[in-house]
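Taken in order, these protein sequences are the chains called A and B. Quick note on my numbering: the first sequence kicks off at 1 and runs consecutively. Quick note on my numbering: the second sequence kicks off at 1001 and runs consecutively.
In short, the hints are calculated from the structure, not lab data. One should not assume that every hint holds.
Covered stretches of chain B (chain A as the covering partner; in silico rule of three or more C-beta atoms under 8 Å from a C-beta of chain A) [said to hold, decoys possible]:
1. 1039 to 1049
2. 1052 to 1058
3. 1068 to 1076
Covered stretches of chain A (chain B as the covering partner; in silico rule of three or more C-beta atoms under 8 Å from a C-beta of chain B) [unchecked claim]:
4. 453 to 460
5. 616 to 627
Ideal Cβ placement from N, Cα and C applies to all residues, glycine included.
The primary structure of each chain is shown beneath.
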Amino acid sequence: MAQSRFYEQFSDPSDQETTLAEQIEQEELAVAELDKQSQALEEEKADLVKRTLVLHKKLEDGAGDFEEEFTIELGNINGNINVLLKKIIDINAAKERKNAVLRSLKTQNERLVRAESREKAERKAKKVKTKEGPTKPKGRLDNSVARAFDALDILVAVTDTENKQDTPQKPPEAGKVDKATKQQQTNKTAPVSKERTPQPQQEWKKPNFKRLSIPQLAEYKNNFEKELEREEWMLSGNQNAKGRSYKATPAEKVALQESINGIRALLTEIETVLTQKKEAKQAADDAKAKKSKKLTDTANTDDDAAEDDAEESENDDPDGDEEGVDDDTDSQEEDNEGTSDNTTRQPKSGDVQLKEKKTKKNKAMTPTPASGAERGTPAAPEQFTLTTALNKKGFAEYLAKFGDFEQDIEDGNTAEVEKYYEAFNKSEVAKKELTSIFKNEIKNDLGVTLEKAELDAITAFIEKERIDNPEEIVNLSGQIEAFRANAAAVTQRETEIAAAERDLEAKVASLGGDAGIATLKAEVQTQIQEMIAHNGKKLALEQGGASVGQRAKFARTQGKGFGWHMGNVFLGWAGFGKKVVEAELAKMATAANEMQAQVVAKKGSYETVEAAKAQLEVVKNQKEHMKALHTALKQVIFEAADSNKAIRDMVQAKMMKKLDDVINPADPTKRTLKQAEEQQKAFDKLKASETVRGSISDSDIEAKQAELDAAVEVEFQEEVTEAIKNFKTGDGGAFTKLESTLKPFFSGERAAKLGSKEGDEARDFILDTLDTKRNDPSNKGAKSILLSLLIRNLKQPATN
Amino acid sequence: MTTASLPVDFAKLEDLISHKDFVGAKKIIDDVVDQNLSPQQKGEVYVKVASIYLTISNKLSAAYLEQLDSTLDLIKQATKSEKKTDDDFKMVEVQQNLAANS
Chain A
1 MAQSRFYEQF SDPSDQETTL AEQIEQEELA VAELDKQSQA LEEEKADLVK
51 RTLVLHKKLE DGAGDFEEEF TIELGNINGN INVLLKKIID INAAKERKNA
101 VLRSLKTQNE RLVRAESREK AERKAKKVKT KEGPTKPKGR LDNSVARAFD
151 ALDILVAVTD TENKQDTPQK PPEAGKVDKA TKQQQTNKTA PVSKERTPQP
201 QQEWKKPNFK RLSIPQLAEY KNNFEKELER EEWMLSGNQN AKGRSYKATP
251 AEKVALQESI NGIRALLTEI ETVLTQKKEA KQAADDAKAK KSKKLTDTAN
301 TDDDAAEDDA EESENDDPDG DEEGVDDDTD SQEEDNEGTS DNTTRQPKSG
351 DVQLKEKKTK KNKAMTPTPA SGAERGTPAA PEQFTLTTAL NKKGFAEYLA
401 KFGDFEQDIE DGNTAEVEKY YEAFNKSEVA KKELTSIFKN EIKNDLGVTL
451 EKAELDAITA FIEKERIDNP EEIVNLSGQI EAFRANAAAV TQRETEIAAA
501 ERDLEAKVAS LGGDAGIATL KAEVQTQIQE MIAHNGKKLA LEQGGASVGQ
551 RAKFARTQGK GFGWHMGNVF LGWAGFGKKV VEAELAKMAT AANEMQAQVV
601 AKKGSYETVE AAKAQLEVVK NQKEHMKALH TALKQVIFEA ADSNKAIRDM
651 VQAKMMKKLD DVINPADPTK RTLKQAEEQQ KAFDKLKASE TVRGSISDSD
701 IEAKQAELDA AVEVEFQEEV TEAIKNFKTG DGGAFTKLES TLKPFFSGER
751 AAKLGSKEGD EARDFILDTL DTKRNDPSNK GAKSILLSLL IRNLKQPATN
Chain B
1001 MTTASLPVDF AKLEDLISHK DFVGAKKIID DVVDQNLSPQ QKGEVYVKVA
1051 SIYLTISNKL SAAYLEQLDS TLDLIKQATK SEKKTDDDFK MVEVQQNLAA
1101 NS
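Isolated chain A, as found in the complex (with noise of 0.2 Å):
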């Protein structure tokens, strides 16, 4: 019996231990399989991305015939990206799956070890009757620990495991969270609690968070913030509230720091989740609260129709397809709720045929919902009532077009007309916008200005239209209202990608820069290179333990041949040997589990960063890709549309010859400054027209006024030299004389302005034109002297 127990040292694992292992080995397998099928995506993501930048750079540089070729690649590449990453998200999130379940199969593995192992060692001590103290639970080859060696390339990909399960689930009670399940789903171990005192395992499902309401993530956060800080205390050993402490052991510390890793990712999910709900929530209030207002008028007349109209809606339309107009608020919110809302107002008449005609256009007015659209941002409705609808210009004729709704209106039936007027209001709106996107967003992208007449013609087709076919005019306000939506939505994706842009950089600073990222690169390979030969090692050491326990069966059958004595030196040696091979082995898989980590937690580190390094030099291409077919489409459309373009292509001509017959006069040479002055007075005039501005650009005009100063300084200065050079010096008053001479050029009109120059500027032109003419030898002599009088008191008048 001592001999059967003693050779029990050395048997093979149990079935449960074997079956184990190839449970491990086969989730080992697929997240290998699925690391690889990543690795490829990633490298043929990083493909792709290096193509759209060769071709950005062609474009940028040039590309002449093949640049749309290069554009409409882009676009294919991108898709292609988008796609790919979708992959990518995708099997990382299934390899975070595998992975919890391998580090539960893994911790109940060594579970398993460890109780088998202080089972052994208390049968040892028992039957020895050594005077050892209690064996420590000893570490035990694990082949998973070799195995994940191969497996080092896989990068914890940190995202969110949504669950399948479409149902929520009733949120655990604080301390009843079965710490084995959870362990599962947040890849963390088993809390200690459950090792001293067990408890049957009960499935508990990581709920999908999304799918939960506001209350109910809010008991999750409780119950999870609870056992959070019930499992810090078990783990700080201090006392709690109570005067409670608890001793972990080393192990139970090790478990409770996982739980407690796994918790808080918990916490960090449904605190964005719970966030997410509520500023959904707050919108969707805010839009309930504008509906209200606006309906509170109607619930004062029309309660019991509202009701009629509630049940008649229930009965003809249980799928609610044909939801009235003024729904989508309210369905959007209560599909946030998981629920929809079914009730759909409907005409409630005893004209069938007329309610018939109503409801086909009701069906037709329902607007298309808006593509791309994440937040409408249309004008607020004012309130309805019958007298505001019907005073508004032009509804009562918009109105009668759609049938008769005299008895409707008498009976106080104001749901029917509202929804007209609300399909009325919307094509104003549809109106003005689309008028303001041709008179801003056309007009300064692409410099292209419609006439009154053409924006006339714009709005007379909507009013037309919106009668002959309302759902079309419905639709397009839907666009522009979608239109304002995306580009609020991008501005405030931007603004968020920059926030988040500059976080990034801080960590990649953290890490130490690029520099920093490949020292780190270089560490992990050199790390994976020494747990290559740790492992080597290690199992050139287990097959060494191998053979000391066939030492111990040698010594057992062969013992009896050597007498007591020898039986007892051969099993105490290789009793001694085994123990020994024993600790140095499980020091050695200890080391490699660490190392391990080491390097997931090193490469994970920054394969992120650089992960989303790249993805950021996507959305850049992007964005610039963007702007590129923006500009390109509205170019194609609304150049082209520009049905005056060669009218106004006409009157720039005509303008730009009028603005060179006022400069050019029909002979140059025989022009005079004060006909040069005329020419800049005539051409303010035409700089001052509207048609004039409308039609030359800003730096033509600046060109024409360069070539009149030009003309006006020439004249000036041509006026100015033959004055002086009439003057006649030696007489009486010379100086006065001059002055008066030469008075017309400095005072008057020209003092202020001269061609385009004003105020100071023409001042300090006339100054240094007779600056120019005292410095000129001619006049050295009398007249220089004379001139610097001029200037001097031309310069400080008061003082002379």
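Based on the hints, put chain B in the right spot on chain A.
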């Protein structure tokens, strides 16, 4: 939108633009505006091309928004990963302390 009054295939126009055939699209519009159009037809042309512009523009924006969202997700993922990495480092420290003390 009714197009019966205009000799133009707006569906084809939209299709060409969707496929980034701007040259072909421009030709179609040029052909339309070169004709002697009534104010009613002019209004129709403007509204229709605006509608096409809005449709395509919204599609482009939606694709761009998707890209932006996916980037934001990735950056958030990196942020989460950063936290997890810190936790992993802490775990390693705990394990090392335990190994040293055992």
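A quick look at each hint next to the structure:
| no. | hint | verdict |
| --- | --- | --- |
| 1 | 1039 to 1049 | holds (count 9) |
| 2 | 1052 to 1058 | holds (count 7) |
| 3 | 1068 to 1076 | holds (count 9) |
| 4 | 453 to 460 | holds (count 7) |
| 5 | 616 to 627 | holds (count 6) |
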